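Starting from the known structure of chain A, fit chain B onto it as the hints suggest.
Sequence lines, in order, name chains A and B.
According to my numbering, the first sequence is numbered sequentially starting from 46.
According to my numbering, the second sequence is numbered sequentially starting from 46.
These are calculated hints, taken from the structure and not from any lab test.
Since we're looking at a predicted model, the values are computed, not measured.
There's no promise every hint is true.
[Said to hold, decoys possible] Across the chosen pairs, the derived CB separations fall in these ranges: (1) B/ASP337 x A/THR221: 52 to 60 angstroms; (2) B/ASP337 x A/ASN158: 44 to 52 angstroms; (3) A/LEU298 x B/THR86: 31 to 39 angstroms; (4) A/TYR301 x B/VAL303: 55 to 63 angstroms; (5) B/HIS293 x A/ASP184: 36 to 44 angstroms; (6) B/ALA87 x A/LYS253: 26 to 34 angstroms.
[As the list claims (entries may be wrong)] The list that follows gives simulated cross-link-like pairs (lysine-lysine, DSS-like), each with its CA atoms no further than 27 angstroms apart: (7) B/LYS134 x A/LYS291; (8) A/LYS334 x B/LYS188; (9) B/LYS188 x A/LYS188; (10) B/LYS334 x A/LYS188; (11) B/LYS134 x A/LYS134.
[As the list claims (entries may be wrong)] Covered stretches of chain A, going by a simulated chain B footprint (3 or more residues, C-beta under 8 angstroms): (12) 114-127; (13) 315-327; (14) 362-376.
Cβ coordinates follow ideal geometry from the N, Cα and C atoms, glycine included.
2 protein chains.
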Amino acid sequence: MTNRYLTLIPLIYSLCALPAHATDWQALPDKAPQPADNPSTAAKVELGKMLYFDPRLSSTGTVSCFSCHSVLEGGDDHRPVSMGVHGLKGGRNAPTVWNAAFDSVQFWDGRANTLEDQAKGPIANPVEMGMADVGLAVDRLHKITGYQPYFDGAFGKGDNITADNTAKAIAAYERTLITPGSPYDRFVKGDKHALTADQQRGMQAFDKAGCTACHSGAMFNGPALPVGTGFYMKFPVYAGSPYVAKYHLADDLGRYNVTKKDADKNLWRVPTLRNLVYTAPYMHNGEVKSLDEAVRVMAATQLNKQLPEQDVRDIVYFLESLSGPFPASMMPRLPPTPGDLLSAD
Amino acid sequence: MTNRYLTLIPLIYSLCALPAHATDWQALPDKAPQPADNPSTAAKVELGKMLYFDPRLSSTGTVSCFSCHSVLEGGDDHRPVSMGVHGLKGGRNAPTVWNAAFDSVQFWDGRANTLEDQAKGPIANPVEMGMADVGLAVDRLHKITGYQPYFDGAFGKGDNITADNTAKAIAAYERTLITPGSPYDRFVKGDKHALTADQQRGMQAFDKAGCTACHSGAMFNGPALPVGTGFYMKFPVYAGSPYVAKYHLADDLGRYNVTKKDADKNLWRVPTLRNLVYTAPYMHNGEVKSLDEAVRVMAATQLNKQLPEQDVRDIVYFLESLSGPFPASMMPRLPPTPGDLLSAD
Numbered sequence: 046m047t048n049r050y051l052t053l054i055p056l057i058y059s060l061c062a063l064p065a066h067a068t069d070w071q072a073l074p075d076k077a078p079q080p081a082d083n084p085s086t087a088a089k090v091e092l093g094k095m096l097y098f099d100p101r102l103s104s105t106g107t108v109s110c111f112s113c114h115s116v117l118e119g120g121d122d123h124r125p126v127s128m129g130v131h132g133l134k135g136g137r138n139a140p141t142v143w144n145a146a147f148d149s150v151q152f153w154d155g156r157a158n159t160l161e162d163q164a165k166g167p168i169a170n171p172v173e174m175g176m177a178d179v180g181l182a183v184d185r186l187h188k189i190t191g192y193q194p195y196f197d198g199a200f201g202k203g204d205n206i207t208a209d210n211t212a213k214a215i216a217a218y219e220r221t222l223i224t225p226g227s228p229y230d231r232f233v234k235g236d237k238h239a240l241t242a243d244q245q246r247g248m249q250a251f252d253k254a255g256c257t258a259c260h261s262g263a264m265f266n267g268p269a270l271p272v273g274t275g276f277y278m279k280f281p282v283y284a285g286s287p288y289v290a291k292y293h294l295a296d297d298l299g300r301y302n303v304t305k306k307d308a309d310k311n312l313w314r315v316p317t318l319r320n321l322v323y324t325a326p327y328m329h330n331g332e333v334k335s336l337d338e339a340v341r342v343m344a345a346t347q348l349n350k351q352l353p354e355q356d357v358r359d360i361v362y363f364l365e366s367l368s369g370p371f372p373a374s375m376m377p378r379l380p381p382t383p384g385d386l387l388s389a390d
Numbered sequence: 046m047t048n049r050y051l052t053l054i055p056l057i058y059s060l061c062a063l064p065a066h067a068t069d070w071q072a073l074p075d076k077a078p079q080p081a082d083n084p085s086t087a088a089k090v091e092l093g094k095m096l097y098f099d100p101r102l103s104s105t106g107t108v109s110c111f112s113c114h115s116v117l118e119g120g121d122d123h124r125p126v127s128m129g130v131h132g133l134k135g136g137r138n139a140p141t142v143w144n145a146a147f148d149s150v151q152f153w154d155g156r157a158n159t160l161e162d163q164a165k166g167p168i169a170n171p172v173e174m175g176m177a178d179v180g181l182a183v184d185r186l187h188k189i190t191g192y193q194p195y196f197d198g199a200f201g202k203g204d205n206i207t208a209d210n211t212a213k214a215i216a217a218y219e220r221t222l223i224t225p226g227s228p229y230d231r232f233v234k235g236d237k238h239a240l241t242a243d244q245q246r247g248m249q250a251f252d253k254a255g256c257t258a259c260h261s262g263a264m265f266n267g268p269a270l271p272v273g274t275g276f277y278m279k280f281p282v283y284a285g286s287p288y289v290a291k292y293h294l295a296d297d298l299g300r301y302n303v304t305k306k307d308a309d310k311n312l313w314r315v316p317t318l319r320n321l322v323y324t325a326p327y328m329h330n331g332e333v334k335s336l337d338e339a340v341r342v343m344a345a346t347q348l349n350k351q352l353p354e355q356d357v358r359d360i361v362y363f364l365e366s367l368s369g370p371f372p373a374s375m376m377p378r379l380p381p382t383p384g385d386l387l388s389a390d
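Pulled out of the complex, with its shape left as it was, chain A reads as follows:
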């Protein structure tokens, strides 16, 4: 599929959404899909959890995947934009790791196709984990000798402490970070008492307003697409909305920064709406602080609508029903550090 073709998809969906239609409300699957070249095993998931929590993969030894994607919270870091090594700031709001296994591309701008590719990005990002390259992180893992048996268990004995295997293990762990079984999921599976009357009214308002044009499917991030495809949408569409200036919504050109194609200016991966209650503040720049304001902003900038406040409230009630349940998990144990691994700098 060419990129040019892909950018038309949101438009087609928008058009399709206008006439009366039966929305296909989908529940989240109980299991995330796994790529053929990285089947999940218990040993790989456990190793991945260890690596996910290990700040020694960062230059200062202070920033791990977990730092900006806290699985104790919404899978993000509750900051407008993230903060990496030496307190350096990134330019975007951390996307949630919860259910990222169901996304067809990773990052706000879709610059990685898979969880495996994504995992390597922040390690070598100078304002995130700050390693000069991923190889240096792998060198660290070799020096932390206690990791060897875990890599052996996950990948079989051999020269197995590699960047690819590190990424594979982290991705396997992330495929366990899913939240099927929310009130919404139970509702669409037939439990008509799973949503309150307010939430059901909000579900109708969400559909009627046209939100489902983009926020469709089990993830509310668009249609299910093959890994690497990406479902992108222009944001903001209605650039004249006062919200655009107020929240600086058009400043970051999104996917254009990856492709340098004019057609990709202000295009963004349509983000999931699951667990939004846990992921404030909102938008790619984290400038919108509350969920009700996020609903107003999206209606104005994407649908050119000012929704009645009752609809805004109801839609928020509905969005709240897309939360959790978050799977319980044991803390990992990390192998000990040789004392010369990290400098004082």
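Chain B in isolation, oriented as in the chain A frame:
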């Protein structure tokens, strides 16, 4: 007890240790002592675990107790000196939180008497969690409304989200972070196969060299003393040792910085030797990278001895037997963040 009297204790112990004697090898108790005004309950421990892992108690929302005292590792941060908000560095190596519940004073210089007092320190330290005062952290907790039921459960309903209760909950959690049942503990309780021959030889060498003069008791941090007492020792004693200049061991005046009394210059709380394998690098400034070098340094600077290398190796074997087991624990779940809690700065 006056401070002047306390500073004599190490001297008395040193003198006592010189003649032949039967060392009183003690196992770690299975339970940490609790203060009368802060009895542990399951609800309080769970709240304390949440707060311990919550980076929203720091100005940037990026640093929690866990950041520098990782319970996934050695209860510290594997760095020479710690790194707080904005990448600012502290002046000392993070002491382990494991078994801190058995220490009679907290911090390297004993500037807090209790775990409760300790917990408040880093929150308002400009290079650690960076809040202007602890009250601002409490304000945050009020705004994170999901905390209210947990405080109610731990402390009873009422105006219970306070700095004191926050510290009490964290301290109650920390009293669960103990590691009885190491090979050493099993050995002194009668399991004569719990230590290897190397470790038993190291145990004798440790005693014979005179290490037990200060590193005595179940914690290997001196005699059991009432909370708030502190067992301090001058370090380095033999300031002419080449190690003193090499590792800058006399630069930080230790307890003198707290009391401003000349007698307290270069006095330090005798640290526990438990779980040392997990807490490299070593000493108050984290300049000594390996455990064998730490043994050499201590023998030279405190006992004016150059130990045979076989003794150094054996003592390291023995110290390794003071490790774990680390209790398994579920990850806590943290309540969601209001979007206006943290700025982008």
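Pairwise beta carbon distance, A/LEU298 to B/THR86, judged against the given window 31 to 39 angstroms: This hint is violated: roughly 54 angstroms between Cβ atoms.
Straight-line alpha-carbon gap A/LYS334 to B/LYS188, limit 27 angstroms: Measuring from Cα to Cα gives roughly 14 angstroms; hence the hint holds.
Hint check for B/VAL303 and A/TYR301 - Cβ pair distance inside 55 to 63 angstroms: Holds, at about 57 angstroms.
27 angstroms limit on alpha-carbon distance, applied to hinted pair B/LYS134 and A/LYS291: 37 angstroms, violated
Cβ separation of B/ALA87 and A/LYS253, checked against the hinted range 26 to 34 angstroms: 47 angstroms, violated
Pairwise beta carbon distance, B/HIS293 to A/ASP184, judged against the given window 36 to 44 angstroms: The hinted range 36 to 44 angstroms is violated for B/HIS293 and A/ASP184, with Cβ atoms some 28 angstroms apart.
Residues of the region 315-327 of chain A with Cβ under 8 angstroms from chain B, three needed, outcome: Satisfied; 5 residues make the cut.
CB-CB spacing for A/THR221 and B/ASP337 relative to the 52 to 60 angstroms hint: For A/THR221 against B/ASP337, whose Cβ atoms are near 40 angstroms apart, the range 52 to 60 angstroms is violated.
Range agreement (Cβ of A/ASN158 with Cβ of B/ASP337, hint 44 to 52 angstroms): 47 angstroms, holds
Three-residue Cβ test at 8 angstroms for the coverage of the region 114-127 of chain A by chain B: holds (count 10)
Agreement of B/LYS188 and A/LYS188 with the hint, judged by alpha carbon distance not exceeding 27 angstroms: 43 angstroms, violated
Coverage assertion for the region 362-376 of chain A with respect to chain B, Cβ distance below 8 angstroms, three residues required: holds (count 5)
The structure shown violates the earlier hints numbered 1, 3, 5, 6, 7 and 9.
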